[in-house]
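Build the complex: two chains, separate frames, hints provided.
Listed here are the chains, written in short residue letters.
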Amino acid sequence: MQIDLSSLGGSLLLSGRQPYHAVVSAEFQRAAGNHKELLKRLEVLRDRICQAPYAPQSELLGRGKKVDLRGKRSWHMTGNFVVIYAVCEERVQQGFLQKRWNSCAGICDAEPQKRVVFLGFGKHDLAYGRDWQFRP
Amino acid sequence: MGQVKTAPDSRLERVIVALVYAAWQRELPLSQTRLMKLLYLAELYHKELYGRRITNADFVSWTYGPYSHAVALAEEGLREAGFIDLEPRETARGYTARVPRPKVAVRNLQLQDSVREVLALVLEEWGTKTTDKLVEFAKATVPFLIAEKGEPLDFERADVFQAIAEARRISRSEAATLVAEHSEGALEGARKACRSTFRPWEEAFS
Chain Y
7 MQIDLSSLGG SLLLSGRQPY HAVVSAEFQR AAGNHKELLK RLEVLRDRIC QAPYAPQSEL
67 LGRGKKVDLR GKRSWHMTGN FVVIYAVCEE RVQQGFLQKR WNSCAGICDA EPQKRVVFLG
127 FGKHDLAYGR DWQFRP
Chain D
259 MGQVKTAPDS RLERVIVALV YAAWQRELPL SQTRLMKLLY LAELYHKELY GRRITNADFV
319 SWTYGPYSHA VALAEEGLRE AGFIDLEPRE TARGYTARVP RPKVAVRNLQ LQDSVREVLA
379 LVLEEWGTKT TDKLVEFAKA TVPFLIAEKG EPLDFERADV FQAIAEARRI SRSEAATLVA
439 EHSEGALEGA RKACRSTFRP WEEAFS
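Sequence order for the protein chains is Y and D.
Each residue of the first sequence is one higher than the last, beginning at 7 in this note's numbering.
Each residue of the second sequence is one higher than the last, beginning at 259 in this note's numbering.
Calculated from the structure, these hints are not laboratory results.
Computed from a prediction, not measured in an experiment: that's the story for all the values here.
Possibly wrong hints are sitting among the right ones.
[As the list claims (entries may be wrong)] Some, not all, of what chain D presents toward chain Y, calculated at C-beta under 7 Å:
id, residue
1, V318
2, T399
3, T435
4, H440
5, A444
6, G447
[To be verified] Using C-beta positions, here's what the derived DEER-type ranges look like:
id, chain 1, residue 1, chain 2, residue 2, range
7, D, G309, Y, L45, 35 to 43 Å
8, Y, K71, D, E345, 49 to 57 Å
9, D, P410, Y, K120, 38 to 46 Å
Note that beta-carbon positions come from the ideal geometry of N, C-alpha and C, so glycine has one too.
This is chain D alone, in the form it adopts within the complex (with noise of 0.2 Å):
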């Protein structure tokens, strides 16, 4: 991999570029499916903790979960680009998978700070599960699970407090209560609030 190129254009090539070099100096297994999948994760991630999506990719609802066709047409671009290509593997269970891999050395990435945090956490949290995880993960999450099948995922319902506020006709801040009430754990911890014990973060989970 000595030839170095300058990276593409669009957003959304340069994300699938650092995801494919990040799982290839990694060592991570890394498929078409599972990589459509990651994205599709980073996507949401990026949405829950930043508030704005990383691309504009259109993702739909299909058997195996979230597909993006702009996604397959952009790494196909970067296959003939010469990015990246693809190495025929076999997998575990006997089938063929085709493997992205860099091809060249890539400058001037321009990734955000937060952009790359994510495909950092994502590669982190999926990149050694199996892909039957992974896709069963990306079928169980909110804009999946309200979308018809072959229909545009809505990350904007990604936003669950919103998403329940408006099907109950309350207010996000009822949903949001409603959310807390249903989860054990945290409201256990609100109601021992004042009689906790309390430690730096850092000191808690070192």
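Just chain Y, same shape as in the assembly (with noise of 0.2 Å):
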């Protein structure tokens, strides 16, 4: 068999094969049509997120200064982007539902769905202002 050059140039190879089914909310569609450079790596990336949501590069938030995170994930994107979404499944088999700190009440059925809300992305300017100190 040759080197098959149709599937490094394609559709992408993982689509319609994961477990999670994926929705957006508005601002995450306004906010990702902003970038739509980006497009084609946020599809690989959600495939990669309805693939395996609970990923150790995920990572689950908490209360922060600003807004209240808790019951929600975090994936970064190289080019200091994050993306934030929930999980229907893990917010209601953890309790985030009984303590209320996701809100997606559009949407939320109070079932354990196979489902990742896409909440939010956007640009993070913590690297590029290397605020943060690298080295011991």
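The structure is reproduced here in structure tokens:
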């Protein structure tokens, strides 16, 4: 078999095989629309998150200084971008729903759905700002 | 290119062959510098998505961005073995670039789906961008930012959450929260989630 070049340039290989279903908030859609050059990478990341939403690359968020982000997860994307999402299944099973940590009222049916809700996407300024000490 | 060869043994060489073939087939500009940066980004993207690198090639921080002696040696080996050759081509600035291009067809490349997907992604995203932009982006990545010139790039510290957690001596979750709070766009979505409308991804981005 010769090298299959079409697979290197064709549609995404992993599409349609994810155990979790992806939905996006209007804000996520708007934010992603502002970075059209990243849509392909976002698609690949979506596939990966829908394949393994609890992968070690993601992190469960906590209560921040500006806003309470408990119950949501984030995944970093090279280029100083961050994706914030919630997993319906985790929300129900871990009791986040009872604690009212996630309030995706427009979609939640209180069932542990295999669904990833993409809430927010945007550029962060931490690495560019270099306000964190890298070296010991 | 009538001759067919069995793929090289080393994974790094197979990845280089795949990248050169794909770029050549799609008529994308390629040079030794671009090849180096594209491979670096492929490593970074793969690590970010799957938590592991594609190869174990070392990269160091250099004047024109990440540089890997292992990649240079592998490319040289592929030329000597007759997989690729270098075609001299004049650049827009009047320099002569040596453009890697495939010399023979290759069978049994045996690359994982995730690797092929990331290579396709890197080519799609960066294949037509200028070398200056490519170098600029590579230089802005975390492993490059945290290394001094000549030092090896630490892909383990490409995990921004972990790097911030270590630097500030906070938990990874606190670091991730900090990152989210430094992103107005992401924060806005999280804030407004309760009032938002939701759509399937396919419908939203069709």
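The hints, checked one at a time:
1. V318: violated, 16 Å
2. T399: holds, 6 Å
3. T435: holds, 5 Å
4. H440: holds, 4 Å
5. A444: Interface hint status for A444 of chain D: holds (4 Å vs cutoff 7 Å).
6. G447: holds, 3 Å
7. D:G309 / Y:L45: 35 to 43 Å: violated, 23 Å
8. Y:K71 / D:E345: 49 to 57 Å: holds, 56 Å
9. D:P410 / Y:K120: 38 to 46 Å: Since the Cβ atoms of P410 of chain D and K120 of chain Y sit about 41 Å apart, the hinted range of 38 to 46 Å holds.
Figure legend: structure checked against the earlier numbered hints; hints not met, in rising order: 1, 7.
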